[in-house]
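Chemist: Using the sequences and the hints given, assemble the complete structure.
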Amino acid sequence: MLYSTFYLGQTQMAVPIPCILEIGRSFKFHPVRGAPEVIDGLINLRGKVVTIVNLGLAFEESKIEPSDESRIFIFKNNSELKEVADSDAVMETAPDNIGIHVDRISDVIRVENEELQAVPANMVHPFYKHVVRRDDSFIIILEPSKILNLHETPDLLS
Amino acid sequence: MNPEDEVFKNFLVEMGEKLEELENGLAELETGFSQDVVNKLFRAVHTIKGGGGFFGLTKVSELSHVFEDVLMKVREGELPYADHMLGPFYSACDALRGMHESEDYGNKSDINQLCSDLREVEGGKGPDEAPSPSASEVEPEKRKDEEKVPIEKGPSNESLESSAPVDLTPKPKEVKAPPEESDNPPVVSRLEKSLNQNETIRVKVDLLNKLMELTGEIVLGRNQLLRQFAKMDDKSNLVAMAHMISDLQQLVLQTRMQPIGGTFTKFKRIVRDLAKQLDKPIDLVIKGEDTELDRSIIESLSDPLTHLIRNCADHGLEDPSTRIGQGKDRVGTVWLQARHEGGQVVITVEDDGKGIDAAKVKAKAVANNVISQIEADAMGENEAAKLIFHPGLSTAEAVTSLSGRGVGMDVVKSTFEKLGGAIDLETNLGSGTKVIIHLPTTLTIMSSLIVRIEGDRYAVPHSELKEVILVRPEDEIQIEQIRDREVYRLRGNLIPILSMEEITGVRREVEKDGKLSSKSGEVLFLVLHSGLNQFGLLIDSIDHTEEIVVKPLAQILSSHTFYAGSSILGDSDVAMVLSANGICQSHKLHIHDLETSVQSTKSFEEMQILDMQEKQDLLVFRYSRNEQLAIPLSLVFKVEQIEVGQIQNVADNHFINLEGKNILLLYLDKYLTLEPLPEDLETFYIITPKIKDFEVGIVASSIEESVHTRLNLDSPPINEAAILGITTVREKITFLVDLFSLAEQVSPDRFKRTDLEGKPEKDRLLVVEDTPFFRDLEKTYFESVGFRVTLANNGQEAVDLLMERPNYYNLVVSDIVMPVMDGYELVKTMKSAEKLSKIPVIALTSFTEEESREKALEAGFDGYAIKTNKENILRAVERFLVED
Chain W
1 MLYSTFYLGQ
11 TQMAVPIPCI
21 LEIGRSFKFH
31 PVRGAPEVID
41 GLINLRGKVV
51 TIVNLGLAFE
61 ESKIEPSDES
71 RIFIFKNNSE
81 LKEVADSDAV
91 METAPDNIGI
101 HVDRISDVIR
111 VENEELQAVP
121 ANMVHPFYKH
131 VVRRDDSFII
141 ILEPSKILNL
151 HETPDLLS
Chain H
1 MNPEDEVFKN
11 FLVEMGEKLE
21 ELENGLAELE
31 TGFSQDVVNK
41 LFRAVHTIKG
51 GGGFFGLTKV
61 SELSHVFEDV
71 LMKVREGELP
81 YADHMLGPFY
91 SACDALRGMH
101 ESEDYGNKSD
111 INQLCSDLRE
121 VEGGKGPDEA
131 PSPSASEVEP
141 EKRKDEEKVP
151 IEKGPSNESL
161 ESSAPVDLTP
171 KPKEVKAPPE
181 ESDNPPVVSR
191 LEKSLNQNET
201 IRVKVDLLNK
211 LMELTGEIVL
221 GRNQLLRQFA
231 KMDDKSNLVA
241 MAHMISDLQQ
251 LVLQTRMQPI
261 GGTFTKFKRI
271 VRDLAKQLDK
281 PIDLVIKGED
291 TELDRSIIES
301 LSDPLTHLIR
311 NCADHGLEDP
321 STRIGQGKDR
331 VGTVWLQARH
341 EGGQVVITVE
351 DDGKGIDAAK
361 VKAKAVANNV
371 ISQIEADAMG
381 ENEAAKLIFH
391 PGLSTAEAVT
401 SLSGRGVGMD
411 VVKSTFEKLG
421 GAIDLETNLG
431 SGTKVIIHLP
441 TTLTIMSSLI
451 VRIEGDRYAV
461 PHSELKEVIL
471 VRPEDEIQIE
481 QIRDREVYRL
491 RGNLIPILSM
501 EEITGVRREV
511 EKDGKLSSKS
521 GEVLFLVLHS
531 GLNQFGLLID
541 SIDHTEEIVV
551 KPLAQILSSH
561 TFYAGSSILG
571 DSDVAMVLSA
581 NGICQSHKLH
591 IHDLETSVQS
601 TKSFEEMQIL
611 DMQEKQDLLV
621 FRYSRNEQLA
631 IPLSLVFKVE
641 QIEVGQIQNV
651 ADNHFINLEG
661 KNILLLYLDK
671 YLTLEPLPED
681 LETFYIITPK
691 IKDFEVGIVA
701 SSIEESVHTR
711 LNLDSPPINE
721 AAILGITTVR
731 EKITFLVDLF
741 SLAEQVSPDR
751 FKRTDLEGKP
761 EKDRLLVVED
771 TPFFRDLEKT
781 YFESVGFRVT
791 LANNGQEAVD
801 LLMERPNYYN
811 LVVSDIVMPV
821 MDGYELVKTM
831 KSAEKLSKIP
841 VIALTSFTEE
851 ESREKALEAG
861 FDGYAIKTNK
871 ENILRAVERF
881 LVED
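The listed protein sequences correspond, in order, to chains W and H.
First residue of the first sequence? That's 1 in the working numbering, and the numbers climb one at a time after it.
First residue of the second sequence? That's 1 in the working numbering, and the numbers climb one at a time after it.
No lab work stands behind these hints: they were computed from the structure.
A couple of the hints might just be wrong.
[Stated by the list, open to error] To give an idea of the chain H side of the interface with chain W (calculated C-beta under 7 Å), a few residues:
{"no.": "1", "residue": "Leu429"}
{"no.": "2", "residue": "Thr504"}
{"no.": "3", "residue": "Ala554"}
{"no.": "4", "residue": "Ser572"}
Just so you know, these numbers come straight off a predicted model, no measurement behind them.
Note that the Cβ used here is the ideal one computed from N, Cα and C, for glycine as well.
Modeler: Laid out in structure tokens, this is it:
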């Protein structure tokens, strides 16, 4: 399957391309007063309201500030995902369109299912699904449904 | 899906409709026999029978066949209608309904009993008619024919002979063709009817929903276009299109609107069953069946309304014997009404039963730890009754099969709230309960006000907006603070004022310092309402009005109930949509209603009003070291520090020369039981009161402070004329000195009681004043000159007293600023009431400005006096008495 990779700080991460609706930049965030800080705000994606999660804060690291390099990965919602469902992987995102704000975008990689490795025990995180080796480095493959449903893991929201 | 399936599906839908017709018809029949109704019933059953036979639903067809037979006999007049028939009719109808809903369409159900019950109605005419179990199969020829006819042919086959061609029109709708009794039916009118009925078609709800959604987007697009081209010179085409889109939107909205009647009529049936089950005669009065609501809302109404009506019947209404004992009609009444009100639909469910026992609810709530005892004590009756919306609270001590299973009112409440509505409750112990439900008419497109609050824009649906209020610094009524909470007195109602900071818990640093002091000192707020609750929301400015499409919040944000969703505005910005409902809930706003605040019990509401009473400025000082004394600051002219050496003795009196005037020093221990002045004092203070002809200096050992406080005056422990009462300042007991009595004691000749004394004892005076301090003071003054004084705490109380005995009072003296009903309102009310318009009303206030006087006289007051001076007060009154 194809994965789109991006950086959060120095860490390279990836999400499966079929669940991405689009990747964009320089959106105008409309803050939601009272919402947890991890929510950057809402954006108007051609008539669709999309809620944006700041991935840096979701990982309890430093906040990602909008910059020339920062990008918004907007995910399909579950019903959009169903329409394009690939038979080889059952994927889920969230009932709503949600985007994540990341530091910078990187390559698209092809990963065969055999290449997927379990997350090492010392770096288990609810958002991590697999790791995959590329050249000398590891790329962490994320579980979008967990990030996009942050509210179900309330301790991450504080 | 093969075409036959499609036809069968259509039949099931049709059967559902026919069953509904049947139920409605039976309910009508109950109120009185009419040929039309019987015809209707007959046709409905006939259609069911036809379809059931065609699709092989043997039991359906069998039962409806027997049913039809009976109905036919009634219709033809062979069998006179009698009330006892209703029972079996209803049972048959129920059974058909059950079959309709069951998986095998009742093919295995046992209907022999039902059939024989029905036949019994006929009076044992059964055997030769249809004794066989599969009636539809072995029927006489005539019937056989019909059974073979597909459902489309259903209508009035019984009257085939009369107008066959029309009867065969191929639409199931035709079943609604008018009843034909006569041999010569008016064929033309029948044709017309059938045409009319063909003007409706069935459309998939899904399609309507998509249409709706798309229209929403088009409206949005229109708004954006309008903004984009706002500066163009010629945009007539655009404007024309914009208008058409508005029309389109209206029409699409209408496609989803349905009258609520369909849901309402089924309650006739439910109430009838309940009446039987509970053995209480119940009358259901339905009003406003035509009120239209979005179909998705109507669909969700049935369950919660059923629950409410069951509650009325089960818990609300008493047994007939109890009712008679209480002088009520034996038959209990339940009212179910719907009406449009301010862009919303209001549904009320009301009974004339025993009402909700607030004390019981409170006790249970306390027992279940829903509220504390203190909260319970502070609660008004209606508010306590509303506790039943709490999960796990139900007043029924014994659980019955009908209601009171502990799940209930909370579910009802949340169902309505999910629909964007609100529920409220009014109850009167002994005379009934009324549940009021406010619902939006539609869920998708809302006309909203776009406002700015601390840099962000928000949309506020007009349906939740009551009014916009601007408070200027010079206005009489300002936002006030009670224990850090801001409140505003809106025409006698106290409403809480909230800021976005309080609602969201997020502080915004804005250039303006503080939300209540924008540079002009003006405060702007919206009055929002959810059900009967009202509150104010502070805003910075109003942008414009816009039709918005509300998009639900992503689940990740769904805990933020104070937002109803978000919306994209015409300039493509995203704005949050505020939800008055959500704000009320998340803030647990207990907002009192008017009635309770007028009650004289010390309810929570009244305590709030006490809170609102005018604060007093007091000058706190000491005479001896230990006793703390106070006088109203408004009565103080000057405070001076002096040396012991400045005192001059003349005869037994001490004087001091201040600015060329010799002022008599007043030692309070001469007039009050106080400890003497400490002897070692070198400097002390004298307080000169602002009372005419009373040029004395009150000696004080020290001046503590001047406090701005709410005065809770207790009566003095010792009966001393010159002490008005005791209060607590900074946790110390403080005597409040009555300067006027003091003046009388000091120079009785000058301050002898006014000449009014003894003269006007026939004069009855109503004093309207919310501050206990002034109320008592005025009472004392007026009584001291011979009035009979009655007290009222506010304008509303005064009106009530006056209306009770319009000829009793000769004069009214009223404060201006008061809760519930202020002085202006009072005087207006009095002057417009014929019986009261002749009674003179005098304003007695603490406003000293000339404008206030003018305003008061304009409002209709006959006189105006300022509170600080006893002479003034008495003279203002005297003038009117002389005239009278």
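Chemist: Of the hints stated earlier, which fail here?
Modeler: Violated hint: only 1; rest satisfied.
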